[in-house]
Amino acid sequence: MHEFNYHKASSVADATAKLAASDDARLLAGGQTLIAAMKMRLSAPADVIDLGGIVELRGIKVEGAGISIGAMTTHATVAASKEVGKAIPALASLAASIGDPMVRNMGTIGGSVANNDPAADYPAALVGLGATVVTSKRKIAADQFFTGLYETALEPGEIIMSVSFPTPKRASYMKFKNPASRYALVGVFVAESASGMRVGVTGAGPCVFRVPDMEKALGKSFSPDAVKGIKVPADDLNTDIHASAEYRSHLITVMTRRAVEQALSN
Amino acid sequence: MPVRLSMTVNGNPVSADVEPRTLLVDFIRDTLRLTGTHIGCDTAQCGACTIHMNGVAVKCCNMLAVQAQGSTILTIEGLAKADGTMHPMQAAFRDHHGLQCGYCTPGMVMSAIDLLKRHPHPSEEQIRAELDGNLCRCTGYHNIVKAVQAAAKA
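For the record, the sequence lines run as chains A and B.
Residue -6 is where the first sequence starts when you use the numbering used here, and the numbers rise one by one after that.
Residue 570 is where the second sequence starts when you use the numbering used here, and the numbers rise one by one after that.
Simulated from the structure, these hints should not be mistaken for lab results.
Heads up, some of the hints might be wrong.
As the list claims (entries may be wrong) - Some chain B residues flagged as far from chain A (calculated, every beta-carbon gap over 10 Å):
1. V578
2. T600
3. E646
4. A651
5. D664
6. C670
7. G671
8. H690
9. S692
10. V714
11. A719
Unchecked claim - Just the calculated beta-carbon pair ranges, DEER-fashion:
12. B:D701 with A:G46: 23 to 33 Å
13. A:V55 with B:T612: 32 to 42 Å
14. B:G709 with A:G189: 47 to 57 Å
15. A:L257 with B:A651: 52 to 62 Å
16. A:A14 with B:T612: 27 to 37 Å
17. B:G653 with A:T232: 49 to 59 Å
18. A:D229 with B:N579: 50 to 60 Å
19. B:S692 with A:E254: 21 to 31 Å
Just so you know, these numbers come straight off a predicted model, no measurement behind them.
We put the CB at the ideal spot given by N, CA and C, even for glycine.
Take these sequences, add in the hints, and give me the full structure.
Set out below in structure tokens:
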């Protein structure tokens, strides 16, 4: 790892100031992606700003008809949360499926969302539930937040503070795990909410996306058969050493059907 | 610019000046000379580096030492009693031959202790799932699972 200047932020305002004072800084959340990248010298910031001491960024709150999760809340905490388990159990089991227990004890929702790995689980949940990312500057709807491969709508100096999830009528996440890394080869989050039907797909393309045809079909009939014949074209999907675009296209339909089956059986 | 790092390790206060880029595993092994914690893959996959920080299992090859500032650390060396009596998990691994070369073992034991804290009566399926972050190239995992099952009954 290259040398860097280490700064421990005492508050979001302090972190913002430290970001502004550097032209080559990275925020450190749980470090499960950043430290690994820095060890391989894929990332070499001059300044690392540690958010680990900012207590206000941790915690889960029931918020009207939904849940608010602080950006520095770990996956383990979300997975074990009674509040999340009661309001959005699909979100708790998604968090429980990330990585492994040790990764879940350090990894955070803010870090995952800001990084927007194409195979990360949380983006599918945010898009599937129609969540809102609350930053130090504004609120950003999930549909507008994830903009491309490892890209988000965050501006320089902007820090995620929390994510707000509305409570769905019913929801389910079905993930086809890469057998080695356990990242999502394809992960589908299906949710029926007050705002309508949403299907969020991760792992298949460069960035999380919705499938309007499946959403329409499920809106008419919430059943696995409703999406049986609907395919996402392979054209814009990923081909890599793990799977072809055609196989990922096939998996999207299978995972969506299984997610609907699971939602119906709850 | 070095950081003054202080933490409690296996019940003892420790303090040292470290470069910020020092990994927690290197601090534990090289500075503190606690070499029971192993570096296997160095990419946070194999779990040989698993220790407890503030009561929960973490992979310390994928953390900066400064992230453990002020924390309570428990390594494999901190499990046995002063008189040498093994922790029940260590005894179970011995009794059920849950190791061959022993390289993954400290990480497996630390991970398994965390597992039982969260799931005191795990099914076999649960044990296998919860040890997902610890890889073993020798045993095929069967005796590791038996060891954890035995420790759950102890």
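Here is how each hint holds up against the structure:
| no. | hint | in the structure |
| --- | --- | --- |
| 1 | V578 | 18 Å, holds |
| 2 | T600 | 16 Å, holds |
| 3 | E646 | 19 Å, holds |
| 4 | A651 | 28 Å, holds |
| 5 | D664 | 24 Å, holds |
| 6 | C670 | 21 Å, holds |
| 7 | G671 | 20 Å, holds |
| 8 | H690 | 17 Å, holds |
| 9 | S692 | 16 Å, holds |
| 10 | V714 | 16 Å, holds |
| 11 | A719 | 20 Å, holds |
| 12 | B:D701 with A:G46: 23 to 33 Å | 30 Å, holds |
| 13 | A:V55 with B:T612: 32 to 42 Å | 38 Å, holds |
| 14 | B:G709 with A:G189: 47 to 57 Å | 49 Å, holds |
| 15 | A:L257 with B:A651: 52 to 62 Å | 57 Å, holds |
| 16 | A:A14 with B:T612: 27 to 37 Å | 32 Å, holds |
| 17 | B:G653 with A:T232: 49 to 59 Å | 56 Å, holds |
| 18 | A:D229 with B:N579: 50 to 60 Å | 53 Å, holds |
| 19 | B:S692 with A:E254: 21 to 31 Å | 23 Å, holds |
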